[in-house]
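Engineer: The lines below spell out each chain.
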Amino acid sequence: MRHFSYKTQKQVMIVLFLLLPVTLLAAFGIYPAVQLVRLSFTSWNGYLPGKPWVGLDNYREVFQSPELFRIFGHNAVYLLWGIVQNAVGLAFAILLNARLRGRNLYRVILFLPFILNGTAVAFMFKYMYHSQVGSLNALLSTIGFGHVAVSWLGNPDLVNHALGFAGFWRNMGFNMVIYLAALQSIPSDILEAARIDGANRQQAFVRVTLPGIVKIVELNLFLTVIGALEAFELPFLLTGGGPLGASETFVTKTMSTAFKFSDFGLASAMSVILLLLVAAVLVMQRLLMRRWSH
Amino acid sequence: MNGRSNPVRSLITHGLLWLAAFMIFFPLYSIVLSAFKGKAEFAHSNIFEWPHSFLQWDNFEYVLHNGKLFHAFGNTIAITLMSLVGNLFVSTMAAYILGRFRFRGKITILGAFTAVSFIPSITTQVATFTIIQKLGLFNTLFAPVLLYIGTDIIQLYVYLQFIRTVPEELDESAMLEGASLFGIYRAIILPLLAPAIATMVIIKSINIYNDMYIPYLYMPSKELGVVSTSLMRFVADRTTEWQYMSAAVLLIMAPVIVGFLAAQRYVFAGIVAGAVK
Chain A
0 MRHFSYKTQK QVMIVLFLLL PVTLLAAFGI YPAVQLVRLS FTSWNGYLPG
50 KPWVGLDNYR EVFQSPELFR IFGHNAVYLL WGIVQNAVGL AFAILLNARL
100 RGRNLYRVIL FLPFILNGTA VAFMFKYMYH SQVGSLNALL STIGFGHVAV
150 SWLGNPDLVN HALGFAGFWR NMGFNMVIYL AALQSIPSDI LEAARIDGAN
200 RQQAFVRVTL PGIVKIVELN LFLTVIGALE AFELPFLLTG GGPLGASETF
250 VTKTMSTAFK FSDFGLASAM SVILLLLVAA VLVMQRLLMR RWSH
Chain B
0 MNGRSNPVRS LITHGLLWLA AFMIFFPLYS IVLSAFKGKA EFAHSNIFEW
50 PHSFLQWDNF EYVLHNGKLF HAFGNTIAIT LMSLVGNLFV STMAAYILGR
100 FRFRGKITIL GAFTAVSFIP SITTQVATFT IIQKLGLFNT LFAPVLLYIG
150 TDIIQLYVYL QFIRTVPEEL DESAMLEGAS LFGIYRAIIL PLLAPAIATM
200 VIIKSINIYN DMYIPYLYMP SKELGVVSTS LMRFVADRTT EWQYMSAAVL
250 LIMAPVIVGF LAAQRYVFAG IVAGAVK
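Protein sequence lines, in the order shown, are assigned to chains A and B. Taking numbering that gives the first Met the number 0, the leading residue of the first sequence gets 0, the next gets one more, and so forth. Taking numbering that gives the first Met the number 0, the leading residue of the second sequence gets 0, the next gets one more, and so forth.
Keep in mind that the hints are not guaranteed to be accurate.
As the list claims (entries may be wrong) - Output of the computed footprint for chain B on chain A, the stretches with three or more beta carbons under 8 Å from beta carbons of chain B:
| no. | segment |
| --- | --- |
| 1 | 8-20 |
| 2 | 71-85 |
| 3 | 121-130 |
Just so you know, these hints were derived from the structure itself, not from any lab. The structure displayed is predicted, hence computed values, not measured ones. Note that beta-carbon positions come from the ideal geometry of N, C-alpha and C, so glycine has one too.
So that you can see chain A by itself, here it is in the shape it has in the complex (with noise of 0.2 Å):
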């Protein structure tokens, strides 16, 4: 290779380099995005050859069914857990900030959950939330409030939870690792200096601290509204669903949708509905951020 000049050499590797790259971001990204658009329009069934065009009847159909507003209700139940596990991931954050023994073992303990297999914690979940072997309700009966055990996940009014909890203990950590590099990130001496001219602890907090993280609060915000949009794999794995239907969300329909009962054009359009509220959320985030700028 060293034989061609370097504007040749240059050429060969860009494309030689990018191809691979290039290619897979094209097969696994781009087409099936496009693809999804595409066959939300059709009512194809996933096995026949033909792609039977319906125009806008799917999108008709998601919006007319009310029990898909339902099933963003149980969502909603997600987001809710999310923002106490920012708050709570804040907190912590700001705890390990200052000086503190033990303050990296905090830290690690802390953040274990988020590394753990996910499946593995969903059945750890179901083990601890179980009615009569459970260890949640045997804790509760212990500590003398036997009385308010349950089924967590058997209860269409609870599951939601138990599951926005479960969440929550794997995520925490996350959240509290990233404030934590953003609070890291504040030089020490700017508050120093807010301390020298007579501000207090609180002040300093809301002057300096803040607005130095008010944009990574803003990005956990954003990444936690997606989570709860996209929450799938706790109730896929704990409760199917169940019970009848209570812990649906809209991608455990989606995804039944198209490989349980074969609308391949109609989980495609709620795919599309999807991809189409993350974006609005992301314009929302990005507007926010500009007014934070000025």
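Following the hints, put chain B in place on chain A, whose structure we already have.
Structural biologist: The following block gives chain B in isolation, referenced to the frame of chain A:
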């Protein structure tokens, strides 16, 4: 922050941290206890009662063989290794080109990587599925490998930042000595990227190890179970044998816990780099 240590404040801080630690360890502690109990012992003992012995490994042996976990670890390791090697070259090659050369279409490529990262990958599987089938990779280990090999904007971003810190004069002096551009990638860029590669390899391994849906969708064959899908199948078959399930859950969690403790620094670096894109 300031030198004065307030005993009440410190008590509250440690109290809250202990509460959080309790909340994290409680479910883990429960499965540790039941994983070491025999069938009869599990049925007749209180949940918080300690097992007769922590040296009783029967449950673990049972799930490794009957739950095919042993086999699953093999499949998981094979998939992870193939994906890591492929991903290492795909991502560093792309980062080298995007970081060092000016050419038409560069901004478009970076933009496409960014846009794709916002697409919920689970729902696009409907369309991805047909590609995997057409390639004849359905129900083979290569289906997840192919899906894991591709690079993403987070990896590119981390590598690009690193490449920016390598002075271009280094490339130029290598050129004066007659090195080819490929030689520069191999002898200068790759070695200097090593710390970033270590971080990305660890994050990618954790992600692959923890993934459930891609193996579930593309490898329904029982012989092709990875740790997640084998656990799913094992639990589906034996819904009431909690002592076995606990042992399986512990076995699956253990390697990642050990790895995390050993490579903390890289894990935290990778998590932070990935989020602040």
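Engineer: Confirm or reject each hint.
Structural biologist: Comparing the hints with the structure gives:
Counting residues of the segment 8-20 of chain A whose C-beta lies closer than 8 Å to any C-beta of chain B gives 8; at least three are required, and the coverage claim holds. A stretch counts as covered by a chain when three or more of its residues have a beta carbon under 8 Å from one of that chain; for the segment 71-85 of chain A and chain B the count is 0, and the coverage is violated. Counting residues of the segment 121-130 of chain A whose C-beta lies closer than 8 Å to any C-beta of chain B gives 7; at least three are required, and the coverage claim holds.
Against the hints set out earlier in the document, a violation occurs for number 2 only.
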